[in-house]
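J.: These are the residues of each chain, in order.
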Amino acid sequence: MNALWAVTLATLVKDIRLEWRSKDALNSMLFFSLLVVVIFVFSFDPLAEESRHIVGGLVWVAFLFAAVVALNQTWARELRNQVLDAYRVSPAPANALFLAKALGNFIFVSVLEALMTPLFVIFYNLRVLGPAWQLIPIAVLGTWALVVNGTFFAAMSLRTRSREIMLPLLLFPISIPAVLGMVAGTTAILTGEDSAHFYIVLLLTYDVVFTTACLTLFGMILHAE
Amino acid sequence: MKRLFPILSVITAILLAYALYAALVVAPTERTMGDVQRIFYYHVPSAWTAFLLFFINFIASIQYLVSRKASAKTAAKWIVLAIGAVGTIACFLPRVQQLFPAGMRPSAVATTVLLIPIFYFLIGWLFPEEKLDVLAVTTAEVGVVFCTIVLVTGPLWARPVWGIWWAVGDLRLTSTLVLWLIYVSYLVLRGFSNSAQTQMLAAALAVFGALDVPLVFLSIWFFRTQHPSPVIGGGGSLDPRMGQVLLINWLAFSCFAFLVCWSRFRLELLHREVEEAHAMESLAGAGVAAKASLPLGRSSR
Amino acid sequence: MNAIKFLFAAYIATWVIHGAYLASLVRRFGKLRQQLREVGKK
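Protein chains in written order, with this note's numbering: chain A, 1 to 225; chain B, 1 to 301; chain C, 1 to 42.
Chain A extracted, bound-state conformation (with noise of 0.2 Å):
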């Protein structure tokens, strides 16, 4: 247990002092919401009163759009120089290899939410009228509930041709749940209409079961030849 761990957090350290060095998947993930949310801002120009029917929708969308950017480049990097060749030879567990991707990206897409909820805020003049400290649940649970699916269907992906579109095409149907359940739970909260705790129970449920299944099955999909 105690190697797992070991090999995780050395794992996750190369990754962000990777990322802290180059900034690659950072740079074009925020530039890539700021675009997105341009874009919105463009589209929508509704209300107040509106806009907090579907903020929600459109914070989610530009973040899932946004973390396939950075998904699509977590394995790219491994695969130079065949890293990944190595870490499949090496004794280390190959569930610390998950984990430690996932790990990774949580906190680059977590702060790209960070950075991009206050301009979501200026734009749509929005003032949260539900009780709002529980968009932070939603928010961890639901970055969470892309981010480890999308790191186990890039790696997936990495086996086949242009895989830089065959991430979406998996992710997102089986993240589904998942969107409706992030999208429905912040309107709830922005409108303060509805209670939003279904949705933080679903979300945790769609963690709990997914995390498990991706730690399962990933050692497959590592060795598969």
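If you're looking for bench data, these hints aren't it; they were derived computationally from the structure.
Take these hints with a grain of salt, some might be off.
Unchecked claim - Here are the simulated BS3-like cross-link-like pairs (lysine-lysine), alpha carbons at most 27 Å apart as the crow flies: (1) B:Lys-131 <-> B:Lys-69; (2) B:Lys-131 <-> C:Lys-5; (3) B:Lys-2 <-> C:Lys-31; (4) B:Lys-2 <-> B:Lys-131; (5) C:Lys-41 <-> C:Lys-31; (6) B:Lys-131 <-> B:Lys-73.
Stated by the list, open to error - Coverage of chain B stretches by chain C, computed from C-beta distances (three or more under 8 Å per stretch; other residues unrestricted): (7) 7-15; (8) 34-44.
None of the values given here were measured: they were computed from a predicted structure.
A virtual CB, placed ideally from N, CA and C, is assigned to each residue, including glycine.
Given the coordinates of chain A, work out where chains B and C should sit on it, guided by the hints.
T.: Below, chains B and C without anything else, positioned relative to chain A:
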């Protein structure tokens, strides 16, 4: 085996013709919805067939995944047996029965739960390891065809009855759509790469999709449903003649689906045979080329 | 009754989809058989 196919085709054609006649003429006209309700006799059997095929795909995928490791195979066997036993017993506990929607009989739920181990062992027994993947492709593709029919006939029914083509909050239509999307992405994955690894990847994706289905159902259930309340086993009163017609149509479509699956299965086997032949050919070609490039090749002449 | 056309549309759509799929199966069978013959010839 060879002669069985045409015989079965003839029987299926007769069944389908009779089912069509029964659906259009024999079945009584529904009082509130009128003749449009007859779409039901195509819509519902197609849905049942599609779900059954996806279920078989899920089981074949799991069997394929665990077939690599003896320990995983044993574990999966006991887990499936446990699910069957616990699920069946749980259906008769009063605490669990309260969770069922009104009108759903515990014996019906228990039978459905029992089908899981039955299918699991039946498929494991009928299909050896390498055939499991062929079965998975077959059921996914034919399932998508039937699911498409459900999605086309559903709005055609909804439009005259509710006045709208599609209700986003509707539980069954929307979860069927998500299921369809998941299996289309499964087929896309298979189409995009056809190496030996794909079989493993596709099996993993099928397991993910199956895990997703209850969550999809749960998430949409939270929205209000606009569908007419369940007619089958839902306590609604279905005219016995309508029930008979539905049963005939279901039988006819099941036979038809079986035939289509059989053809698709043989197509996949033929496809693999061709691929193997190509591989052998290129291997032989490489052998000849290697021989020709050797200095010995020249001296022996 | 105007709604009857929806009934016919649904039944026709069902068989059009099935027919298209069966046609694609036949086409793929033909293609594979031809490939198999070509491989066998060489």
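J.: Run every hint past the structure and note whether it holds.
T.: Each hint tested on the structure:
Between Lys-131 of chain B and Lys-69 of chain B the alpha-carbon distance is near 17 Å, which keeps this suggested pair within the 27 Å criterion. Taking the CA atoms of Lys-131 of chain B and Lys-5 of chain C, the gap is near 44 Å; set against the 27 Å cutoff, the hint is violated. Taken as a hint, the Lys-2 of chain B and Lys-31 of chain C pair is honoured in the structure, with Cα atoms around 21 Å apart against an allowance of 27 Å. With a CA separation close to 19 Å, the supplied pair Lys-2 of chain B and Lys-131 of chain B stays within the 27 Å bound.
Using a Cα cut-off of 27 Å, the hinted pair Lys-41 of chain C and Lys-31 of chain C holds, with the two alpha carbons roughly 16 Å apart. The straight-line distance between the Cα atoms of Lys-131 of chain B and Lys-73 of chain B is roughly 16 Å, inside the 27 Å bound, and the hint therefore holds. With 0 residues having a Cβ less than 8 Å from any Cβ of chain C, the region 7-15 of chain B misses the three-residue criterion, and the hint is violated. Beta-carbon proximity to chain C at under 8 Å applies to 7 residues in the region 34-44 of chain B; the threshold of 3 is reached and the given coverage holds.
Hints 2, 7 from the earlier list are contradicted by this structure; the remaining hints agree with it.
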